[in-house]
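2 protein chains.
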Amino acid sequence: MALGKNYDAQDCSLARALEVIGERWTLLVVRDAMYGVRRFGDFLAHLDIPRAVLSQRLATLVEAGVLDKRRYQDSPPRDEYVLTPVGHELWLPVLALADWGERHLSGTAPRRVFHHLACGSRIDGTARCAACGVQVSIGEVEVRPGPGLKGIRNDPVSVALRTPHRMLHPIP
Amino acid sequence: MALGKNYDAQDCSLARALEVIGERWTLLVVRDAMYGVRRFGDFLAHLDIPRAVLSQRLATLVEAGVLDKRRYQDSPPRDEYVLTPVGHELWLPVLALADWGERHLSGTAPRRVFHHLACGSRIDGTARCAACGVQVSIGEVEVRPGPGLKGIRNDPVSVALRTPHRMLHPIP
DNA sequence: TACCATAGTTCAATGAACGAACCGAGGGGG
DNA sequence: CCCCCTCGGTTCGTTCATTGAACTATGGTA
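Chains as they are written, first to last, in this note's numbering: chain A, 2 to 173; chain B, 2 to 173.
Where hints are given, some of them may not hold.
Given that identical chains are not distinguished, each listed pair holds provided it fits within a single copy or across any two copies.
To be verified - Calculated pairs, SDA-like style, for lysine to any residue (alpha carbon to alpha carbon, straight line, at most 25 Å): (1) K151 / R167; (2) K70 / L59; (3) K70 / G121.
Derived from the structure by calculation, the hints contain no laboratory data. Keep in mind it's a predicted model, so treat the numbers as computed, not measured.
Produce the entire structure from the sequences given, and follow the hints as far as they go.
In structure tokens form, the structure reads like this:
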């Protein structure tokens, strides 16, 4: 979103954030990374995003310190993209946005529900556990398929998320 | 963001939300509406956004039920854009995003701080009052200029926000 | 050697954003 | 009555980003 036509004049932290995660596809890439997607091909298959755009978005996120690109095997050389601690903290905004979309746009039952690993209770739109009352970080969360989920897609990521899955843990 | 090249295949409430508020400029328009901006010209002056884009974004937000367009005087006929209850609930996502940007991207002191009107204490990134411990809705919040704010702009909105201002209350 | 998998890059066509100019309804002053 | 101003847009040519298909590079496997 850079290149002169950006939000620089805004002197606002929301505008700063949008410079990094406000471009088309970017937040969906982050969401997938939270689910545990790490490989180029898995992002590609799950998002139906043009390869060139995915490549550019991953690079932007790495540069911004949201993702870390690291070698996970040498032969053949393969890299994976993993959320950094800064990326982990996007958990709250992402959850809040998804919760808003769920409540005001979808009109059906939730597609995915998030549970506190420690106690199994659901967490709300601010990542608070209904039972414990504590703020739950993304590492302590499990995603489960919700009643509103339609199992349309058959890419590896969609298939893996049809059963409960711990956030951040690698898919598949 | 519509027209075939959208996020429809995603069956995800985050993607649904991004269809509405994920386009360039849209969330900044919503932020301004939260500050109390209501008139076309004020959005224009504060955002430095092309008129055509602003016009289109406002129409999209009205159609999505985030903003309400209403006549506030008849001679000459003038309309204003006001947040609906659905728009009010974007408070949490917007605050969470701004908080993330503040903590991880700006590197300076906060530009704006949000206080609970009832008690005067600051609220955190999940809109919880530090003192009361309650979730604070946007109507009970006051924005104040923070130590990191640089008073560069001189449009009516920027000027009004250089002093404490109650969220949603009309500017100027 | 041929073939496959992964992770990209390149490129032409399309669509969106930009910014300047224009438009129209309605005052207000002279 | 005429001119000019404001507000809230629309129009339009240029520039920029996205799309989707084809191509490249590297290394492994049969």
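To see whether the hints hold, each was checked on the structure:
no.	hint	result
1	K151 / R167	within (20 Å within a copy, 42 Å between copies)
2	K70 / L59	within (9 Å within a copy, 38 Å between copies)
3	K70 / G121	neither (32 Å within a copy, 43 Å between copies)
Checked against the numbered hints above, the structure violates only hint 3.
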